[in-house]
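S.K.: Throw the hints in and build the complete structure from the sequences for me.
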Amino acid sequence: MPKNKGRFLIILSSLFILMAVILTGCGDSRFQKDRGAVVLPENSGGARAGEEVNTRKSSLPATAPQSKQESNPGQKQKPSDSQVPVVRRPAEAGFYERQDSQGEVAVDVIWLTPEYLQARGLKMTPEQEQDLSANLVFNLALTTHSGDLRDFDFAEAIRLKVNGRDAGPGSWEFVNRDGHHPEGMIRFMAPGNEPPRELTLSINNLSGVPVREFKWQL
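Numbering (UniProt numbering), first residue to last: 1 to 218.
Since the hints were derived computationally from the structure, they do not count as laboratory data.
A portion of the hints provided could be inaccurate.
Said to hold, decoys possible - Label-pair distances were calculated between CB atoms; the ranges are:
#1 Gly121 <-> Gly164: 32 to 40 angstroms
#2 Ala91 <-> Asn205: 33 to 41 angstroms
#3 Glu104 <-> Gln128: 31 to 39 angstroms
#4 Gln128 <-> Asn176: 28 to 36 angstroms
#5 Asp166 <-> Gln128: 36 to 44 angstroms
#6 Met189 <-> Pro210: 21 to 29 angstroms
Every residue, glycine too, gets a C-beta built ideally from N, C-alpha and C.
M.R.: In structure tokens, the structure reads:
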């Protein structure tokens with residue numbers, strides 16, 4: 001009887017030890033399993049790929065800024081005040097030539113422009129080109145058979161209106177000082193704010209004629 005009781009105690013102790021080992025192994029496996037759900041392996045690329053995607057998304061702006069032109073598509077841009085519109089001039093030489101034969105003096109007037117000189121086959125020097133760009137220049141050739149026209153005050157008697165407004169005093173220069181066939185040029189400063197569309201050149205009190213007018217319309 002005592003022998004059987006000793007064996008029973010040994011078997012019971014062995015069973016307790018075995019159960020303890022089994023329970024300890026299960027606990028470690030669960031702990032490792034739980035830890036594996038939180039900590040990713042070092043060779044896994046999932047976390048890095050996720051971080052890269054998030055970085056790219058955060059670097060993009062939420063909305064692209066619109067330019068002023070896009071924000072106001074119907075608004076038209078105003079032309080700059082410094083831009084003066086250009087009026088095309090005729091290429092025919094006859095458009096620039098005018099005549100008047102009142103009284104005892106005949107007057108031939110030419111509005112000198114690059115277009116006129118080109119139509120006549122004349123080449124401009126750089127100085128002439130600059131002169132015609134900055135001034136309105138007219139050539140006057142006069143013919144008379146009585147009296148001496150060299151004493152006539154051309155600068156005082158000649159006036160110019162540009163688009164209905166007085167262009168101010170002109171500068172007279174003789175080209176030919178012949179008393180019966182004088183010729184000269186008169187210059188007026190060209191207006192810088194608008195192109196000439198209508199010109200009226202007038203000569204006052206020449207050989208008893210109150211006024212002679214020469215007009216150009218563009």
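S.K.: Now tell me, hint by hint, if it's right for this structure.
M.R.: Going down the list of hints, with the structure as the test:
1. A hinted range of 32 to 40 angstroms holds for the C-beta pair Gly121 and Gly164, which are about 34 angstroms apart.
2. For the pair Ala91 and Asn205, the beta carbons lie near 35 angstroms from each other, so the given range of 33 to 41 angstroms is met.
3. Separated by about 33 angstroms at the C-beta atoms, Glu104 and Gln128 satisfy the suggested range of 31 to 39 angstroms.
4. Between Gln128 and Asn176 the Cβ separation comes to about 18 angstroms, which falls outside the hinted range of 28 to 36 angstroms.
5. Range check, Asp166 to Gln128: Cβ separation about 26 angstroms, and the 36 to 44 angstroms hint is violated.
6. The beta-carbon spacing between Met189 and Pro210, approximately 26 angstroms, falls within the hinted interval of 21 to 29 angstroms.
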